[in-house]
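From first to last, the protein sequence lines stand for chains A and B.
Under the numbering used here, the letters of the first sequence match residues 26 to 339, in that order.
Under the numbering used here, the letters of the second sequence match residues 58 to 450, in that order.
Everything labelled a hint here was simulated from the structure, so no lab data went into it.
Nothing here was measured: the structure is a model prediction, and the numbers come from that model.
The beta carbon of each residue, even a glycine, is placed where N, CA and C say it ideally should be.
Careful, some of the hints might be misleading.
Unchecked claim - Pair ranges (Cβ atoms, derived):
no., chain 1, residue 1, chain 2, residue 2, range
1, B, Thr-364, A, Leu-159, 21 to 27 angstroms
2, A, Gly-133, B, Met-94, 49 to 55 angstroms
3, A, Asp-158, B, Leu-338, 40 to 46 angstroms
4, A, Pro-268, B, Asp-74, 53 to 59 angstroms
5, B, Asp-74, A, Ser-135, 24 to 30 angstroms
6, A, Leu-85, B, Met-377, 45 to 51 angstroms
7, A, Pro-195, B, Thr-364, 32 to 38 angstroms
8, B, Asp-74, A, Asn-55, 45 to 51 angstroms
9, B, Ser-319, A, Gln-206, 52 to 58 angstroms
10, A, Lys-104, B, Ser-319, 37 to 43 angstroms
11, A, Gly-133, B, Ser-319, 30 to 36 angstroms
12, A, Val-30, B, Phe-402, 58 to 64 angstroms
13, A, Asn-42, B, Thr-364, 16 to 22 angstroms
14, B, His-61, A, Thr-84, 32 to 38 angstroms
What follows is each chain in one-letter form.
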Amino acid sequence: MNTDVIITVENLVKKYNGHTAVDGVSFEINRGEIFGLLGPNGAGKSTIISILCCLLEPTLGSVVIDGSDIRKNANNIKKIIGVVPQEISLYHTLTARENLAFYGKIYGLSGRTLKTRVEALLDMVGLRERADDLLEGYSGGMKHRINIAAALMHEPRILYLDEPTTGVDPQSRRRIYDTIQDLNRQGMTVLLTTHQMEDAEKLCHRIAIMDKGKLIALDTLKGLLELVGESDLIHVLAPEILPGPVEFIKRMPGVQKVSLDEGNMTVQLVRGRESLVGIIDILTSSGTRVESIYIKEPDLETLFLHLTGTTLRG
Amino acid sequence: MKFHIIAAKDLKIVLRDRNALIMMFLVPMMIISVAGMALGGQYQQDMQIKVLIVDLDNDEVSRGLVEFLEEIDILDVDMESNEFAARDRVKNQEYGRLIIIPMGFTESVMTGQDTGLLIIVDPTEESDNTVLEKIVEGYASRISTNVVVVKTVSAYGIPAHTEEQILEIIDIAGQFVHPPPVDVTIENTASDLVEFSPFTQYVPGFAVMFLMFTTVQMGSISLIKEQEAGTLRRLITAPISKAEIIGGKIASTFVRGFVQLSVLIYFGHVAFDLDLGSDILALFVLIAAVTLASTGLGVLVAVLVKTVDQADSVSLFLVMIMSAIGGSWWPLSVEPQFMQDMAHFTITAWAMDGFYDLLYFDQGLAGILEEVKWLVLMMIIFFGIAIRRFKFE
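From just these sequences and the hints, can you work out the full model?
Structure representation (structure tokens):
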């Protein structure tokens, strides 16, 4: 057994009522790594997290976490994982301090240990001054910080974060990034699911891309972007665009893929800057009203379009 | 075991919820007070048993019977001279009971001939009918002594030609009959009835109804909120068993309900002199059984619905129906028999039976064993179904 690997997922399958949510997924997560599961909503990321949290039993396949099989030693696993759910899973009519103390007690902390840990985490998330305020008076970002702190009460070896920055303002997002990176520097392994490219690009050492229950790519950010080559993305916002000009654009030299979602057209193409004028020509000559147009360097979204033919948010 | 951590957290949340506390204590206290004072008079009037009498004899003994019945407080006696009209009035449910005293009744009694009284009753008012039957049978038994004495005298050929002679013999016989040579003492636990007050009905009635709001409505909503907020899911990812989680939720609801019901009953005692009976332990046993059964129903509702809104409306419906037919708003005895039978499928009916047994009849622990048995059985059924069907996801 490779002692550097802390989580091993092999041929994982999860079916609900005939629908396959996770379809033969395999990956390993190294100790001390920040690992990202990236994909659109419904890709199967949250189902995988639920299985790794011992909330769901896999239909097929195996999951071993720090040497314990989730089917046989769920209780051991629960002691070493911390889970930050997507929603604010806290009690809004309790104070931040009371919420943290409650989750600490659930994990078996008591007395001085509990008190010390609560104060340390309040300091870590910068909310000691507001610790005795009811959570219902907190801003969304502050609640997210306490939501993370509650998962850290028992000093877990592995931290799962499910869409940690969804619905968070930019300032709180920055703070969440800093917190995750600090924890990782202290040796904590982090698994996060996200459909936000920025999360994966800024935080993750390795990224697994998922679509429709399958793992379609897994590598470092650099390695993944090399799959795209020199493709660029051109985004066009044209709410009344007709099929005619879209077909013309598809036939342009260098165009690899075109996706259209309610007036949002995304064109993946080689040497985008050179083709931009041609695309604008097609749109103006067909009388299409264009609200905005911009070009993007290759990124995970380009990669996702390259691999699946759809956008991450699609 | 960590269930107490969850229970303590829930109780802390409730103690911070001013609206919940008002609903649990202040509102029921106000409603008990208003209902008891406003409806007390009407309630006592409703306790009267209306009787119609047709006296076809209109002689000494029959008039004695009518006077005897008129002197009994709980009977509201009216006279009717026409037997057919009287039968119609009973048939039309104007009166629930009709006594027909036949012509020649007095003469038959005085001359030692068999005779009888006819009682016609509305079968839907069984409990009131039984009370009247017992009263009339008691009186009939007394005047039967006359008939027996006269028959005995005649059988031995002792001459007794005049009414004075017959009465003299009856008097002598009466001396031997009272007290009866063979004494039968019947001890009834209800023999020391406390004075009935409308609060005997309204304090436990409304207290049980508001207990249901706490255990069924707030209890089910608390569980569903925990599901909707994701806190239940988060708890399951911690090293705590599902039994401890659900046990914590049940424990907090039970403690809330138990304290609420105890406080409301004690409020009735302090504010309106409600007699609590002589067995306080039995009272707490009954309160615990009622609270457990209704807590079980709350968990069952949480399992059967999907959203807080659904839990709210289903609970409201259940509490109102159970309170209406189960005897929270009026005594069960005023309901027709089939409704009384149906009512005993509800927690409220067994709870009210139990409270009457303790607060009015003062029957102690032995008197409420039947009620506690049914309440515990309901609790087992509710928890059994709920825990089997509970979905943590």
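A quick look at each hint next to the structure:
no.: 1; hint: Thr-364/B <-> Leu-159/A: 21 to 27 angstroms; result: holds, 25 angstroms
no.: 2; hint: Gly-133/A <-> Met-94/B: 49 to 55 angstroms; result: holds, 54 angstroms
no.: 3; hint: Asp-158/A <-> Leu-338/B: 40 to 46 angstroms; result: holds, 45 angstroms
no.: 4; hint: Pro-268/A <-> Asp-74/B: 53 to 59 angstroms; result: holds, 57 angstroms
no.: 5; hint: Asp-74/B <-> Ser-135/A: 24 to 30 angstroms; result: holds, 27 angstroms
no.: 6; hint: Leu-85/A <-> Met-377/B: 45 to 51 angstroms; result: holds, 50 angstroms
no.: 7; hint: Pro-195/A <-> Thr-364/B: 32 to 38 angstroms; result: holds, 33 angstroms
no.: 8; hint: Asp-74/B <-> Asn-55/A: 45 to 51 angstroms; result: holds, 47 angstroms
no.: 9; hint: Ser-319/B <-> Gln-206/A: 52 to 58 angstroms; result: holds, 54 angstroms
no.: 10; hint: Lys-104/A <-> Ser-319/B: 37 to 43 angstroms; result: holds, 40 angstroms
no.: 11; hint: Gly-133/A <-> Ser-319/B: 30 to 36 angstroms; result: holds, 34 angstroms
no.: 12; hint: Val-30/A <-> Phe-402/B: 58 to 64 angstroms; result: holds, 59 angstroms
no.: 13; hint: Asn-42/A <-> Thr-364/B: 16 to 22 angstroms; result: holds, 21 angstroms
no.: 14; hint: His-61/B <-> Thr-84/A: 32 to 38 angstroms; result: holds, 36 angstroms
Checked against the numbered hints above, the structure breaks none of them.
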